[in-house]
Amino acid sequence: MDLTYSRMRKTILSSMILVPLIPFVLVIVVGYFYSKISIETRTIESLQRIVEDHRQMIDTFLRERRANMEFIISTESFETLSRPRQLEFVFDNLQRTSSAFVDLGVFDQDGLHVAYHGPHQLTGKIYRDEPWFAEVMQKGVHISDVFLGFRAYPHFIIAVARKENDRTWVLRATIDTYIFDNMVKRVRIGKTGEGFLINAGGYFQTEPRSGGKLLEPDANSDLYLKRHEGIETFISNGGGFGRLLSDLFFPGDESVFLYATTWLKEKPWLLVVRQEKHDAFGKLRSAMYLIGLIAVLGGTAIILLALDQTRRIIRRLQKIDAEKTGLENQLIRATRLAELGQMAAGFAHEINNPLQVIRSEQALMDYIIKELKEKKEITNEESLAELEDSIRQIVVQIERCANITQAILKFGRKSEPVLENVFLHEFLPEIIAMVSNKARVQGIAVNQVIAESLPPVFADKGQLQQVLLNLFNNAIDAIAERRGSRGGVLEIKAGADEGHQVKISVTDNGIGISPENIKKIFSPFFTTKPLGKGTGLGLSVCYGIIDSLGGNMEVTSQKNEGTTFFVRLPVAGQSGS
Amino acid sequence: MKPSLIHKGLRKFFGERDSGMEKMKIMLVDDEERFLLTTGKLLARKGFDILTASRGEQCLEMLADNLVHVVILDVKMPGMSGLETLQEIKRDHPLIEVIMLTGHATVESAVEGLRSGAIDYLMKPVSVDDLMAKAEAAFARRQIIEDKIRSARTRKSMDQPTDDALNEAVKKE
Numbered sequence: 011m012d013l014t015y016s017r018m019r020k021t022i023l024s025s026m027i028l029v030p031l032i033p034f035v036l037v038i039v040v041g042y043f044y045s046k047i048s049i050e051t052r053t054i055e056s057l058q059r060i061v062e063d064h065r066q067m068i069d070t071f072l073r074e075r076r077a078n079m080e081f082i083i084s085t086e087s088f089e090t091l092s093r094p095r096q097l098e099f100v101f102d103n104l105q106r107t108s109s110a111f112v113d114l115g116v117f118d119q120d121g122l123h124v125a126y127h128g129p130h131q132l133t134g135k136i137y138r139d140e141p142w143f144a145e146v147m148q149k150g151v152h153i154s155d156v157f158l159g160f161r162a163y164p165h166f167i168i169a170v171a172r173k174e175n176d177r178t179w180v181l182r183a184t185i186d187t188y189i190f191d192n193m194v195k196r197v198r199i200g201k202t203g204e205g206f207l208i209n210a211g212g213y214f215q216t217e218p219r220s221g222g223k224l225l226e227p228d229a230n231s232d233l234y235l236k237r238h239e240g241i242e243t244f245i246s247n248g249g250g251f252g253r254l255l256s257d258l259f260f261p262g263d264e265s266v267f268l269y270a271t272t273w274l275k276e277k278p279w280l281l282v283v284r285q286e287k288h289d290a291f292g293k294l295r296s297a298m299y300l301i302g303l304i305a306v307l308g309g310t311a312i313i314l315l316a317l318d319q320t321r322r323i324i325r326r327l328q329k330i331d332a333e334k335t336g337l338e339n340q341l342i343r344a345t346r347l348a349e350l351g352q353m354a355a356g357f358a359h360e361i362n363n364p365l366q367v368i369r370s371e372q373a374l375m376d377y378i379i380k381e382l383k384e385k386k387e388i389t390n391e392e393s394l395a396e397l398e399d400s401i402r403q404i405v406v407q408i409e410r411c412a413n414i415t416q417a418i419l420k421f422g423r424k425s426e427p428v429l430e431n432v433f434l435h436e437f438l439p440e441i442i443a444m445v446s447n448k449a450r451v452q453g454i455a456v457n458q459v460i461a462e463s464l465p466p467v468f469a470d471k472g473q474l475q476q477v478l479l480n481l482f483n484n485a486i487d488a489i490a491e492r493r494g495s496r497g498g499v500l501e502i503k504a505g506a507d508e509g510h511q512v513k514i515s516v517t518d519n520g521i522g523i524s525p526e527n528i529k530k531i532f533s534p535f536f537t538t539k540p541l542g543k544g545t546g547l548g549l550s551v552c553y554g555i556i557d558s559l560g561g562n563m564e565v566t567s568q569k570n571e572g573t574t575f576f577v578r579l580p581v582a583g584q585s586g587s
Numbered sequence: 003m004k005p006s007l008i009h010k011g012l013r014k015f016f017g018e019r020d021s022g023m024e025k026m027k028i029m030l031v032d033d034e035e036r037f038l039l040t041t042g043k044l045l046a047r048k049g050f051d052i053l054t055a056s057r058g059e060q061c062l063e064m065l066a067d068n069l070v071h072v073v074i075l076d077v078k079m080p081g082m083s084g085l086e087t088l089q090e091i092k093r094d095h096p097l098i099e100v101i102m103l104t105g106h107a108t109v110e111s112a113v114e115g116l117r118s119g120a121i122d123y124l125m126k127p128v129s130v131d132d133l134m135a136k137a138e139a140a141f142a143r144r145q146i147i148e149d150k151i152r153s154a155r156t157r158k159s160m161d162q163p164t165d166d167a168l169n170e171a172v173k174k175e
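Protein chains in written order, with our numbering: chain A, 11 to 587; chain B, 3 to 175.
No lab work stands behind these hints: they were computed from the structure. Hints are not guaranteed to be accurate.
Below, simulated SDA-like cross-link-like pairs (lysine to any residue); rule was C-alpha separation at most 20 angstroms, straight line [what the hints assert, rightly or not]:
1. A:K380 x B:F50
2. A:K530 x A:L350
3. B:K48 x A:K471
4. A:K569 x A:L464
5. A:K471 x A:N431
6. B:K48 x A:E387
7. B:K43 x A:Y377
8. B:K78 x A:K530
9. B:K48 x A:N431
10. A:K380 x B:G42
11. A:K503 x A:L464
12. B:K78 x A:K380
13. B:K43 x A:E360
14. B:K78 x A:D487
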């Protein structure tokens, strides 16, 4: 039985856990997966947008500056610009366009610095062998990398060349980088997001916020320093997005970055925007923690609930099973008693016939002896007395047998009881009165607690009297056995019980019944009384009567404490009686 | 009702009529042979007229030929049961008093017996004295009825001295 329950417990428990847990876990996993994709996509897109915006800004800046220069060189002639006053005038106009212009110089085709306007004195220097000069002469335009030069602040130059009357001349401007430096430095994403420029050789063109000096080589440049179109997005350390999950569990690995890079269009500089990955995907991590928390709490709740519900269900099942077993036992007992009753009745009937014969024989013997005595044919007085005693004994023993068979027949009989409404608050005191004298003699106090408004029961008064007297007499005997003639209490209660029943209880403080006897208490022929004193049929007859009335009988007892018999009868007019 | 049987009964009836205090004639019907033998012997010794039959059929046969006042009839017998026998007796011999004897104290069979015309019932094992007391009582009752019938018959025979009067009386009973 216990094994069944534990197996049942396992089944119920596992289904109660799994059924809600599976969709729960699925929801969590799917939710996590989609939020991960969504956050990743959004983070990367925003990074790409930032990189693209800034590239455009820097490209625009460079293009505008180049356009400024090209405009000047195409509108002015070498001669006019070689005049310092004109150069100053042009430079002032140029500075009004952009404050980034630091100086402006004019070179002839041999590299001689013909005119210069700016903070330094460069006029007269020859730049013919400078690589930038060669390039501008060749390509017509040159934008340099950032350098410090003698000026010791970062700048770069834009030089444009113009062929005029078989002469090529060059206009060069120095441009402070602070403007696009600021543009790039303004890139601030989260805590660790930053932007910087490197040139094609991998040298910083702006100072990254996270450290690294201007014009020094970028240690990570080989990660991203390759030609590509548009924007490239990747994660450093070659981890790809696959590493994302492990990074979530081991955050703080600051060397892992999410990169977005793009080449400028105006100049082979690479704009790099990067953010530490744990920072970039911080939202995903907090979502992950939240999901984890919900999963743990929800899972715990599901398991606890399942355990609790299973415990309740199993307990209820056990209760129902116990009730069912009780009911079955009661049914078996009732059936067994009915069978026993029929068997006993048949048996008693068969015994009665030979008893009748014996009785006739005895009567004949008695008569013959009487005749012989009268005729004085028996003279031995002593033998005669013994013979008469012996015959009397036969009568006594036949009587005893007859009592037993009568009792058995009463037990087994299927007579139609005369059923009527019996009002217990009137009926019970009458029956109690029948034994009150006997109880008084034994020193037993009889208490009766009978509810006044008790509904009537439908029963045969004679049978009910038989049952009650049996119980009362048993109680009195039990009290006498334990207490002699002092201190006995017999309590008779009657009240309404659940299920449209009336409950009568008969409680004594007598000798009590041992647990092994209590099991057999309603069995026919079971008696604890000395041989010949009881047939052991009293209570089984009572049981049969109450059973036939649609009620039931129960007993509880504590050895040397007392016994209570309960009789439950259906209220009159209720079905099932 | 067969008139011939009535006539036979009446002949016996009137034949005995003048002998003053009648002697009770008992028939004991039981399938227990030894019971019949012993009880028969005892009652004979006590001076009763007793007939015994071990089966219902035998009982009816014997009643056809013998005058009996009281039949003590076992309820449970092989062949014809006590109740069936009782009904036959009451149909053919309405004046015979029947006491049912049962080994089984079923109220149903007793009530059934009483309803079918038995005067009383006894529970086995019964003492012979009790048996005789019941039989005497039944006989006494029979005597009273006989007296009534006799006086009725006498009155009626003044006007219409036929057997019909007796038939009427018997029917009334």
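Checked hints:
no.	hint	result
1	A:K380 x B:F50	holds (17 angstroms)
2	A:K530 x A:L350	holds (14 angstroms)
3	B:K48 x A:K471	violated (43 angstroms)
4	A:K569 x A:L464	violated (32 angstroms)
5	A:K471 x A:N431	holds (9 angstroms)
6	B:K48 x A:E387	holds (19 angstroms)
7	B:K43 x A:Y377	holds (11 angstroms)
8	B:K78 x A:K530	violated (34 angstroms)
9	B:K48 x A:N431	violated (51 angstroms)
10	A:K380 x B:G42	holds (18 angstroms)
11	A:K503 x A:L464	holds (12 angstroms)
12	B:K78 x A:K380	violated (33 angstroms)
13	B:K43 x A:E360	violated (24 angstroms)
14	B:K78 x A:D487	violated (39 angstroms)
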